[in-house]
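Peer 1: What follows is the residue order along each chain.
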Amino acid sequence: MFEEFLERRSKKIRQLFEKGKPLEKLYPVHEAMDAFLLTLGKTTKKAPYVRDAVDLKRVMSFVVIALIPCILMGFYNTGYQIQMAKGAAHSLMGCLWLGLVKVLPIIMVSYIAGGFWEVLFAVVRKHEINEGFLVTGILFALILPPTIPLWQVAVGISFGVVIGKEIFGGTGMNIMNPALTARAFIFFAYPAQISGDAVWIAVDGFTRATPLAVAAIAPKGASAIAALSQAGYTFQDAFLGFIPGSIGETSALACLIGLIFLLITRVASWRIVAGCVLGLTAMSSVFFMLNGDNSLALFSLPPYWHMALGGFAFGAVFMATDPVSACATQAGCWIYGILIGILTVLIRVVNPAYPEGVMLAILFMNIFAPLIDHFVVRQNIKRRLARAPRK
Amino acid sequence: MAEFLIKKGRDIRLKGAAKKDIVAASFPKHVAVQPPDFRGLNLRLEVDVGDSVKVGTALLSDKADPRIGIASPASGKVTAINRGEKRALLSVVIETDGRQEAIRLQPFSEQQLQDLSRQDVIDFLLKGNLWPAIRQRPFSKISNPQETPKSVFIHAMNTEPLALDIDFVLQNKENEFQAGLMVLKKLTDGEVHLCIQEGAQSKALTQAKGVQTHSFAGPHPAGNVSTHIHYVDPIKKGDLVWYVEAQDVLRIAALFLKGVYPVERIVAVTGEGAAGHQVYAKTILGAPLAALVDGERNERMRYLSGSVLTGKDVGAQGFLRRYDTQVTVLPAGGKREFLGWLSPGLKKYTFSKTFLSAFHPAREVSLDTDEHGSHRAMVLNNVYDPLVPLDVMTDFLLKAVLAGNVEEAEELGILECDEEDFALCTFACPSKTDVGGIVRQGLDLAEKEG
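Protein sequence lines correspond, in order, to chains A and B.
Sequence positions in the first sequence follow the numbering used here and run 1 to 391.
Sequence positions in the second sequence follow the numbering used here and run 1 to 450.
Warning: the hint list may mix true and false statements.
[As the list claims (entries may be wrong)] With a straight-line Cα cutoff of 27 Å, these simulated DSS-like cross-link-like pairs (lysine-lysine) come out:
{"id": "1", "chain 1": "B", "residue 1": "Lys127", "chain 2": "B", "residue 2": "Lys8"}
{"id": "2", "chain 1": "A", "residue 1": "Lys46", "chain 2": "B", "residue 2": "Lys127"}
{"id": "3", "chain 1": "A", "residue 1": "Lys46", "chain 2": "B", "residue 2": "Lys8"}
{"id": "4", "chain 1": "B", "residue 1": "Lys399", "chain 2": "A", "residue 2": "Lys45"}
[Claimed, not checked] Beyond 12 Å from chain B on every Cβ pair, some chain A residues (computed):
{"id": "5", "residue": "Leu23"}
{"id": "6", "residue": "Lys57"}
{"id": "7", "residue": "Gly94"}
{"id": "8", "residue": "Leu100"}
{"id": "9", "residue": "Leu120"}
{"id": "10", "residue": "Gly205"}
{"id": "11", "residue": "Lys220"}
{"id": "12", "residue": "Asn294"}
None of these hints come from the bench; they were simulated from the model.
On a predicted model such as this, the values are computed, not experimentally measured, just so you know.
From the three backbone atoms N, C-alpha and C, an ideal C-beta is built for every residue, glycine too.
Let the hints inform the model, and build the full structure from the sequences given.
Peer 2: Now the structure itself:
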């Protein structure tokens, strides 16, 4: 009943978008709205005549659902950090509300500015609007500091969508993760607003270094954990996410919940995530063992701290697993994940200028993913050539 | 007997299986021969509208090798020759007279069969217009009688949804089947490989002599020709393998022993829409679907010759394709649902884990022709590979084809494949990519470039 009503309305509205009608150019917009409300109801014209119920819209919306814990935690923690900085009382709803006021505009600007480009390219190229943007838009917002100026959000996401994705041919063709490309762009273009101590808490004049920065600047030979606890950071806070950092990535727990959802629904590759954890554990254990009196304090940071701090959990779960920019072969996924883990620790520990290494590690491996795949595919070709017929 | 357990792939357990009961269908008033069924032949008409034909009369012949003819499955009169784009021949329709008068050749006794030479066999198959029963890999086309294959595969199992159980059809046919195998053995210096379903019962399959028998277990596409060749005697560039459908082995035997072009066809009538007619129907080649589902027509149904995965929508008025042993009547989809992408999906069928139904699979599913989405760029990885039991990296194969890189596509194993091997991939693809279509495009390209 309701569906029939909607269908009739949609047909009426469609007339405005048809060829020769005033809104002809915006047909992809109508199509996206229409398909959002009602399933397409298209039928098969050639074999196979039956099809799986899943489509990209479903898969992409599952990633957004998996991000809900991170989004909520992002709201809460942003508010919580503000209240803490002011020394004010912090109630659950109060923090959520404060965070919402701060964060929601960032999310909206990211969606609106990025969505504009997405629609523009769809209209020019005359193809349908891709759902992938639903994920890119929110991912980008979640890896920004809450103090980011909104115009930078718009510039960043525009760069990410246009340079990171559309110039390669759009969704599915890009080499690097568009959200991370956008983040890297503003990281290097506007360092004042995205690095340093002042950007993590949305209270004017208040500064507090992120835990990774604290550990990075601790004197040589000192224990990183001691430095962290001196600065007031406990492992529990780091794991739960009550630390300053980018909006959505402070809580390893929220990422873990999202990960469980993505693994149950098989949307993300468990091999990549496992590889990241493995690589990170191995590399940070090596540093831990090499730790001496004259080594940087970060050498002494054990693996479980590495996992809870910075953007590692978020990056490994939501960024590294982006199927377009990751490896496509199964063996490749392992190598790709492990190298991300290793590179993350390398950048964090021995290059204290960038205490946050995940973003660069993933972007770097994005570029290498096709090469890794190439070698895995060559193995397959060799194996097939060497195959002798069975007798 | 070698046994193979295929692990990759997936069975779609559709509702509407045919009851194992062979029922004679009413004799059709019209039959058709459809040139698009004969891949690799460039066919020329041998008859005109109004001509009288007998069973076995060549209606069409190959331009490259005129000895290869396509026989009429019935006696009667040619009533229509249908053409499509660029005047391509689509079908030759014959009004049957019911007498089934046939062209008669001098038959052989079983004793004589043993002494036939390879050339005798080829000549008789060509003369009897039964040569198109023998197809080749690579490219899945009608074989060339001037070439010699390294081995011959007998396709005696089918794992497609609701497929005909050939083991059941071959019960008590061991003598004819063995005679057919003996004839086919002459065609190669290598082996004849008989590929059967694990647990097959009929003596024809389990006690076949003079051949290598291989049993395959596991989900679809364990029953595909490509799977069998890949595991038993894989082909490289330059290799040639011939394959024959098990029902055609019986027909080859009948041609040699009786001297008459054999037209019998047993077809599984399946699918929810065929309620009341879901049996193994005994009919003739080129029969109209209406003769099998008894002429009832339903606007909300789709009439397929073949299975839901590899069949063709021929309509209620359409005719059985040459190599199909199954008819599927499938409900048409197209109902629009409010916020369907958000529904928990207790009743949606999926290979993915994105609907609740994936966590408590139903014993039998009811599917319609809804596409459930529209085409997108390929985004997800590892959707195809768990569905393809060949050692082929599907994503990369597709990319090589789309880039027009034939050499790489061949390195990646395209010559071992057929589009039907990727029907499950197309089914499961969230981006609604026509995987089989791309593979076919690659095969055509590889064939053209030699």
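Peer 1: Against each hint, give a clear statement of whether it holds in the structure.
Peer 2: For each hint, the structure was consulted:
1. B:Lys127 x B:Lys8: The given pair, whose Cα atoms are some 42 Å apart, is violated under the 27 Å limit.
2. A:Lys46 x B:Lys127: Since the Cα atoms of lysine 46 of chain A and lysine 127 of chain B sit roughly 35 Å apart, the hinted pair is violated (cutoff 27 Å).
3. A:Lys46 x B:Lys8: At roughly 24 Å apart (the allowed maximum being 27 Å), lysine 8 of chain B and lysine 46 of chain A satisfy the hint.
4. B:Lys399 x A:Lys45: The hint holds at about 23 Å.
5. Leu23: Nearest chain B Cβ is 20 Å from leucine 23 of chain A, so the label holds.
6. Lys57: The claim breaks: lysine 57 of chain A does not keep its Cβ more than 12 Å from every Cβ of chain B (closest is about 5 Å).
7. Gly94: Answer for glycine 94 of chain A: holds, closest chain B Cβ roughly 31 Å.
8. Leu100: holds, 23 Å
9. Leu120: Leucine 120 of chain A is indeed farther than 12 Å from all Cβ atoms of chain B, at 17 Å.
10. Gly205: holds, 44 Å
11. Lys220: With a cut-off of 12 Å, lysine 220 of chain A remains clear of chain B, as the shortest Cβ separation is near 44 Å.
12. Asn294: Given that every Cβ of chain B is farther than 12 Å from that of asparagine 294 of chain A, nearest at about 45 Å, it holds.
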